[in-house]
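Position chain R against the provided structure of chain P, taking the given hints into account.
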Amino acid sequence: MAQTLIAILIITLTVIIYLAMNRLYVRFSSPLLSPILTTVLIIIAFLICFHIPYNTYLIGGKWINFLLGPAVVALAYPLYNQRKMLMKHLAPIVTGVCIGLFVGIISGSILAFVFGLHKDMILSLLPKSITTPIAMEVSAQLGGIPAITVVFVMIAGFVGVILGPSFLKWSRINSDMGKGIALGSASHALGTSKASEYGELSFSMSSISMALTAILGAIIGSFIPFFFHI
Amino acid sequence: MNIIRIIVQIAILFGFSFLGDLVHTYLHIPLPGSIIGLLLLFLGLSLNIFSVKWIKQGAGFLLAFLPLLFVPTLVGIIKYPELFTGKGVLILLVVVISTIITMIAAGKSSEVVGNKTKEREQKKKWHKHSSQSL
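Read top to bottom, the protein sequences are chains P and R. Quick note: the first sequence, position 69, residue 69 per this note's numbering, numbers continuous. Quick note: the second sequence, position 35, residue 35 per this note's numbering, numbers continuous.
Do not take every clue at face value.
Derived EDC-like pairs: lysine to aspartate or glutamate, alpha-carbon spacing no greater than 20 angstroms straight-line [what the hints assert, rightly or not]: (1) P:Lys84 x R:Glu121; (2) R:Lys108 x P:Asp176; (3) R:Lys116 x P:Asp176.
Just a sample of chain P residues kept apart from chain R, beta carbon distances all over 10 angstroms, derived [stated by the list, open to error]: (4) Met1; (5) Gln3; (6) Ile6; (7) Ser34; (8) Thr39; (9) Phe50; (10) Ile64; (11) Leu68; (12) Arg83; (13) Ser107; (14) Ser129; (15) Gly143; (16) Gly199; (17) Ile219.
Bear in mind the hints are in silico, worked out from the structure with no lab data behind them. Cβ atoms here follow ideal geometry from the backbone N, Cα and C, with glycine treated the same way.
Next comes chain P alone, as it looks inside the complex (with noise of 0.2 angstroms):
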């Protein structure tokens, strides 16, 4: 009883949190001011001011998680939606999002190595650039920490957001197809929002982009653990 009591609780604080800092989000409309960072924060500032365990908020929390799974169904509605879109432009789709994955996975597990990161940190990183609900269960499943890849998914997001116009512009990335997978491949989500701003092509370019790194990566990654055994 208690623990439905606690239950009901947290998941109502969780969504009226959420709700109002959606709101604010809206007013100022700023990427620092994203609706999921500043929740968290609050719950966290929560959580350490009343001395509450993890656990404990996750008795609400996890069924918060349990929508998660339909959520990921969920993302084959816009996938479907740009099919066109993507059989039209296939060849350069699924080159830019090959690659991307490819270099992604190297060039995160290089410079992990370099800088002697832990093992836990290295699995951790890799599904960066893949969209959150996903990139958890990629997570999950290479053994990482499901909480710090959705850091480490957020940072890639606001890297498109914030440095991606100009590292661009920089590399003569010009049509608003490169650049929508570009900031799909690398950034989903927050990327594909900022692909938006370069018109309906880049935005359909992006969003094809983000599904698709998702879908083969979760692929990659379901394959990873086998050569980690050998």
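Using the frame of chain P, we list chain R on its own:
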């Protein structure tokens, strides 16, 4: 009425996720169940076995509130404060650099392939035109 429809449609999406879990467990496919569910739904929609109408609102609702669903997991970084001090900052730097390299590689390679296909199409068109004029 709308709320009921959204709830039913989310239940359908749950069904796909559950089906994916079953496939994952019993057919030993290493992919996570929810992603198998995504592929099954996409396949169902593309083959017209399944109508978009049955999931449209539920999917839209879940995707609109997607960031809320990450909150409980992300709150978990409370257990890893070392991420934001000392060596942790290096990791964040790795993420930034690797993301930039990834972005440039994906964008450049797609442009190269895109331009090649365009050239080939133009050549084809040109051939057609020249043969027609002959």
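Hints violated by the structure (numbers, ascending): 7, 8, 10, 11, 12, 13, 14, 17
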